[in-house]
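Asks: The lines below spell out each chain.
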Amino acid sequence: MTYLEAIREALRSEMRRDPRVFVLGEDIGVHGGAFGITKGFLDEFGPWRVIDAPLSEAANVGAGIGAAVMGMRPVVELQFADFVTDAFTQVVNMAATFHWRTGCPLPLVLRMPYGGDVKGGPFHSQCKEAWFVHTPGLKVVAPATAGDAKGLLLAAIRDPNPVLYFEHKHLYRYRREEVPDGEHVTPIGRAHVAREGTALSVISYGWMLHKCLAAADAAARDGIAAEVLDLRSLLPLDRDAILGTVRKTGKALIVHEATRTAGVGAEVAALIAEEAFESLDGPVVRLASEDTPVPHSPVLEAAFQPQVEEIAGAIRALAAY
Amino acid sequence: MTYLEAIREALRSEMRRDPRVFVLGEDIGVHGGAFGITKGFLDEFGPWRVIDAPLSEAANVGAGIGAAVMGMRPVVELQFADFVTDAFTQVVNMAATFHWRTGCPLPLVLRMPYGGDVKGGPFHSQCKEAWFVHTPGLKVVAPATAGDAKGLLLAAIRDPNPVLYFEHKHLYRYRREEVPDGEHVTPIGRAHVAREGTALSVISYGWMLHKCLAAADAAARDGIAAEVLDLRSLLPLDRDAILGTVRKTGKALIVHEATRTAGVGAEVAALIAEEAFESLDGPVVRLASEDTPVPHSPVLEAAFQPQVEEIAGAIRALAAY
Amino acid sequence: MSTIEATSRAGDALTPGELLEMLYYMRLQRAIEDRAIKLYYQGRIPGAYFTGWGHEAIAVGATYALGPADLLAPMHRDLAAYLMRGIPARRVFAQFLDREGGLTRGRDGNIHMGDPRLGILPFISHMAASVPVAAGMALACRQRGQARVVLTFFGDGATSTGAWHEGVNFAAVLRLPVVLVLENNQYAYSTPLDRQTAARALVDKAPGYGIPGVAVDGNDVLAVYAAARAAVARARDGGGPTLIECRTMRMRGHSEADHFAYVPRELLAAWAARDPIALFERRLREEGQLTAEADRAMQGRIAQEVEEALAWAEASPEPAPASVAEGVYAASDGR
Amino acid sequence: MSTIEATSRAGDALTPGELLEMLYYMRLQRAIEDRAIKLYYQGRIPGAYFTGWGHEAIAVGATYALGPADLLAPMHRDLAAYLMRGIPARRVFAQFLDREGGLTRGRDGNIHMGDPRLGILPFISHMAASVPVAAGMALACRQRGQARVVLTFFGDGATSTGAWHEGVNFAAVLRLPVVLVLENNQYAYSTPLDRQTAARALVDKAPGYGIPGVAVDGNDVLAVYAAARAAVARARDGGGPTLIECRTMRMRGHSEADHFAYVPRELLAAWAARDPIALFERRLREEGQLTAEADRAMQGRIAQEVEEALAWAEASPEPAPASVAEGVYAASDGR
Ligand SMILES: Cc1ncc(C[n+]2csc(CCOP(=O)(O)OP(=O)(O)O)c2C)c(N)n1
Ligand SMILES: Cc1ncc(C[n+]2csc(CCOP(=O)(O)OP(=O)(O)O)c2C)c(N)n1
Ligand SMILES: [Mg+2]
Ligand SMILES: [Mg+2]
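Note that the protein sequences, when read in sequence, are chains A, B, C and D. In terms of this note's numbering, the first sequence is residues 1 to 321. In terms of this note's numbering, the second sequence is residues 322 to 642. In terms of this note's numbering, the third sequence is residues 643 to 977. In terms of this note's numbering, the fourth sequence is residues 978 to 1312.
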């Protein structure tokens, strides 16, 4: 099934399994959501579990928090992750600190359709996961495959903490994979070795993971065996997996779609430079989008984002270091 | 004069110099601001240049943007930097992208009273500068001394871009220094070597700079000559100064008050690990606040923040590496 | 237009015991705050200290209208509401002193406290941030078919925030069982009402959300109670939210560090003559419900409770520094 | 209550030439969008494409009330407003095609455009984010003693946002020269009005901000013009903001990708019979202001303009990939 279908199926199966789970967001009921993820949900679950909300992100996220305080398990859909800036206080101040202040759980999921290559421009394409990774009390996940889209959504819904689930819009229909049936839960905080290798470690997540895999294939034709690590969880990061792969290969290339400066790659690089320093046989290299807003023009966006060629080039350069 | 007085004097002198400069914020007129920075301004400049605004951060920042669009030079005071989350869309979407979208300048300053050791707790003490450092189109500065408080505020007001001016509340009255009279402008993007040394580089900013200097003094008594770099500007970072000091000493310890994960220190460490790798004689070490909200209890806050002892310990350990 | 001025008195529906209980909580709030102000000036309360001096009739009158299973999302001048819904005075003092026994165990300070287990949402600094959350709490009740009501307090300044607007609108559109109590104390920090809104009255905002609005004398505990009782009943019956504008005056500085020179002293004097506790005492005395003996007994009880509570709080330990990194994430949802 | 229903027609105050100019801009918007829809279905417009089909009377009627130095903060269904304030059609097409000749030079897409040099604030996606900015533009005029007015447009959905509330309140408190034009087209994407607000009418929000509110037929360009002209005059005279609710219907999908099955077809049919351009044409014909000859000439002119504009846009180059990192920061303020 597609990445999009995996999200839909995970959401539907959790709503069938647990009556506390419900969805809330703009245009998700009658219309089934801007991307059609909740199509058919209103008929199956009714208007109190599939809530068409007004155009008010702070209220919608806040209402999710309130319902979670009462023991429900809300899944709030942001129509585009970009609009979370209207709900920022609720996310980073109200939700993130709630358990720490009260000792009570806050089982809230925010579905964050994010990322570029959808001709969306600066306000429909952003990758701002680093903001939330810098916010203690939140968890942040970003599946790259249909299987993890399901597995991480199940884990997020069952987690007693606020989880930001970054679902990549370009992957919705681009990825189609076998997805295990039934109880397929991907634990939060566990990275995945997407490709084994020895020459260097390529660390990525989301849409860029697939470009990294393609670049690793290209490098393999030159005899370079790159290991590719899919982070999957961004907060908490899987320190053991990151340090493990770097200790194994001695070199790290970090690739993400978010803009470079102070992105998640900075944290990964810093972690490596501090804790795997003795294993390093080369600089910790980052490849990321340019430090600009996301351009609307496809021509510019292609120049903005890391491309397979560029990643392959960086793999070769680092391998040769 | 104190750090606080330096801010007041800089603001006042710019308002006298340039009729386009005005201040806007909650309680800044009749009352002179929560910290008294604009005391007397209403009398001197009148109600259209010292604007008491309603309790509405999005409107206040948005109004600043609108005035800047029209060629004014607004300085918007957030009562506490923590409340910028209510204005997030205006800052990161409207202001940050404005020049890029239009080619026109947006000379806006946001005054961000931030930081802990003021018994303020989780919603009056945060250090969230990294969010903005990850937002292309903004500039971010964080003076540690009264001189730079003045110099960077002059630079920020004269800059044609939106500048977030992080003024540390604990430093308001804690720091008292000679401040050069008149045209004393600290260029944005230039770090400052606050102490020369050869054994290792301690890189910091804001309130922690002073703890680093004290720790360096302590280490000096053990014969360790630490160089201390005051970043002053966080976006853009002074790459040359950072790489220069690390190339000189071969070791870097980064210290900040913001929480550790994905803080500005991560970017600095990543930069070093990528660009100064060959000069490194030891791991790039970060010392930062715990990954928790800022605790209100002074006992807990002391445990939360990096302390001089701890920094001195890290200096000794890294020097001995 | 749905705005009406509530003038009815509901005193008749309350028993003498209930009336005295209301007075007790008003006095208890005042007594705790009185004591806390002294602690503050002794430098024993870390950080800022906020009181609800002048707001006691609102906190007590509104909260008294709630049923046992109802929920509360208070603000920073409603101490009595916290006490009435089950938070003991000793934990309040421990909270003020940043002790382990405080509601937030030293994590947050002053009146930023609550207890979800008791149905009390803790307040955070960002004004009106509780309003959408209160709507969500009401939503959960509605989803489960529980006839519970959520009462939330906020200030005149808070009505200018986007969070307030969005939260009220959300509750109104979904006809959620929320009671919206506005504590209009004429100022938001130093900002007077006419710099906060150009509306003739804040209650005029109600029709813009399609909800009833009512303005009451916020210094008259029974008027507040009557309006809240009607709003609670309406909410419980599926009638959706009501906005209750309670008009009062903030009788001290914004926080105790604030000398509030910006407030005209005549304004304060005029309101001081209408102190909500004194007004209610006079009425109860005139109606024979507060005898000199009952009065003395209540005062004695309160004095003793305050001192015992403070002693308990002072004996509560400081939080352990070694625990600083703990408690950020819940390990399980406990259900 | 300050809300009144505007029924007056201001047509008398306009010359025949002005009336035809209004029709011209309404038709020009329609013609450009008509052409752009074809381009969209040919896959030549990258990303989403939004039209203002049905909104033309609002865009033109309100904008026509502005003086030469006035300012505009439009939304995503107001193409005519951009054109009337000086943005040439060729740059609009270049914007739609993401070309270097577009207003944002390919940086932003579709109608996210403007030109501060022409006094037009570019719209961004976040609904109502322009409203506080419009207030700030008006503030700058007020600070400089300029008698300029800022007119801003927003949708029914946008009124639910915190940004809208805060911006309107800010403008009202400072009595800034802002005209607030609400394009109530019954839907926000798939969300019908009764799921957006419980208010009897959106214009009922005005008294909550202490500003006048007026509701007009948004398909009657002269009714919109009359209301806007009064509001512009009031704003210019220091009377502060006015809320004008223009009632219309979104006649196509939210964007061209949306099949809007959620809109009852009878509703669309009812509004289709009241197409704002057809209504105005009929009136002008009946009153003899639009002769068959003038009509043909205007249609011809528009057709030619559209094709020339599109040709220019198509000849405009794609942005240079090498320029991708440029233009994030201004080097100087150019003053
Ligand atoms: C979003 C936000 N902005 C600013 C502040 C700073 N602040 C704290 S209380 C206050 C005034 C609150 O006024 P009001 O809502 O009327 O409540 P009152 O204190 O008068 O009871 C301000 C401006 C805040 N807490 N939250
Ligand atoms: C803050 C925000 N949330 C969600 C969206 C997604 N979105 C784009 S347009 C729209 C509906 C807008 O409705 P309205 O304001 O009535 O304008 P209309 O499109 O009907 O003219 C939505 C939900 C957005 N752009 N901004
Ligand atoms: Mg108040
Ligand atoms: Mg609409």
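Calculated from the structure, these hints are not laboratory results. The structure presented is a predicted model; accordingly, all values stated were derived computationally and were not measured. It is possible that part of the hints are untrue.
What the hints assert, rightly or not - Keeping only pairs whose Cα atoms sit at most 27 Å apart, straight-line, the calculated DSSO-like set for lysine-lysine is: (1) Lys360/B to Lys440/B; (2) Lys248/A to Lys1015/D; (3) Lys440/B to Lys680/C; (4) Lys248/A to Lys119/A.
Asks: Of the numbered hints stated earlier in the document, which are not met by this structure?
Replies: Of the numbered hints given earlier, those the structure breaks are 2 and 4, listed in rising order.
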